[in-house]
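**Student:** Single-letter residue listing:
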Amino acid sequence: MAPRLLALIPLAVGINWAMGQFVAATHLPVYLDTVGTVLVAALAGISPALATGVVSQTVLATLGGNVIWLWFLPVQLAVAALAGLAAQRGGFASWRRAVVIGAGVGALAAALSAPIAFFAFGGVTGGGVTVITTVLRALGVPLGPAVVMASVVTDVLDKAVTFTLVRSILIALPGRTAARFPATGRALGRS
Amino acid sequence: MIVGFRPGAGFLHRAHPFTPLAITVSVALLAFVLPGTGGPLLLLLAVSLLAVAAGVGGVLAPALVLAIPFWLFLIILHGLLDATPDRAVLIGARITAMLVTFTTAVAVVHPARLVDALLERGLPFSVAYLFAATLQAVPRLRERAREILDAQRCRGLRVRGSLLNRATAVVPLAVPLVLGALTEVDERAMALEARGVGAATSRTPLAPPADHPVERWVRWALLALPAVVLVVRFVG
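Chains as they are written, first to last, in our numbering: chain P, 462 to 652; chain X, 21 to 256.
It is worth saying that the hints were derived from the structure and are not from the lab.
Honestly, I wouldn't trust all of these hints.
[Unchecked claim] Counterexamples of contact, computed for chain X against chain P with all Cβ distances above 10 Å:
hint	residue
1	F38
2	A132
3	L139
4	Y149
5	A171
6	G176
7	T203
8	R223
9	E235
10	L245
11	A247
12	F254
[Said to hold, decoys possible] Some chain P residues near chain X, calculated using beta-carbon distances under 10 Å:
hint	residue
13	V528
14	L604
15	P606
Glycine included, each C-beta is placed from N, C-alpha and C at the ideal position.
One chain only, chain P, in its complex shape (with noise of 0.2 Å):
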């Protein structure tokens, strides 16, 4: 793996655990954790995000000692394709384009969480999005249904955020740095 690379990974991991500061901050109902796995997928391509994703969910399952987030890596790695496939065809050309393709790649995310969290854990995972499940689940949604709902909302709401975030960060990255990552140009449609 080039230097440049092994020097962006670990950055873009800190940066998926800081950006859970912000959010505690700001009281939103979002994670942001995969913000440094998108960004490295539209700096660097697929290969370089899938190996964020698998970093990322692995030293912060060490560090915060909650194996849970293990089961997870598969949404982490399904978002750092799939982002990295956005980015070849230009997915943070504009606003829009960035909101449409993230809500799509959330549904997609929660299409995978979905299952993991209802038959792994009987749809409890510790997080937001089981405030929903218990809500739905109170107003009388069955669990499966509740789970599946729960997980669209808040990963389509998420990942739409996230990637209007990447695209706010790749139009404010100084020239000099973007032409140290070839592939930004295209992820703006640029090139």
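For chain P, the structure is supplied; the task is to place chain X on it using the hints.
**Tutor:** Frame of chain P; chain X shown alone:
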């Protein structure tokens, strides 16, 4: 909450780093294949005793703190709303057993020993570096995120209000964090290149952890145990 390595001289501290990892994998699988509610509860008792015997009984407190939100929602969802308290106990015991084993493994395996063990087994240095560098980068970026949050609040950034206001407030927080991190990439890449990270030669760990043949057999037995339980249940 950050859970980390706890210095000690217990038998799991002295074991090869792969052994606590094998226990973690085995428990994660056993939690799902052991029968009834009693199986996972016995497993939880066993892994708690293992942590105490290994001299890291202190990990039980953080593991239980991590388990509290799960139990809370399990009691509400399955115990009260679905009237299936047995299912709440079953899933709660599974999750808690996994959390206790994982925090025990994190407490007894020093990251440097694990890296040496992985390098000895032929893992590329770049992969080992990725994990080691990330463990250092995460606390540093958390600290920087806190500083940026304080600085932007001092400049009048409002982090309350409507959903749109709060979502907009994330941009002036995230952009400086990410741009600051990206400016480090060049410097770090040059430092890595200067240390020959791109070289194709494999590295030799200075002090690879000792691995006794008996321990190797124990690891294989641990990994085979869930399959044995599954077969016994299927046949029985």
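**Student:** Would you list, in rising numerical order, the hints stated earlier that this structure does not obey?
**Tutor:** 4, 7 and 15
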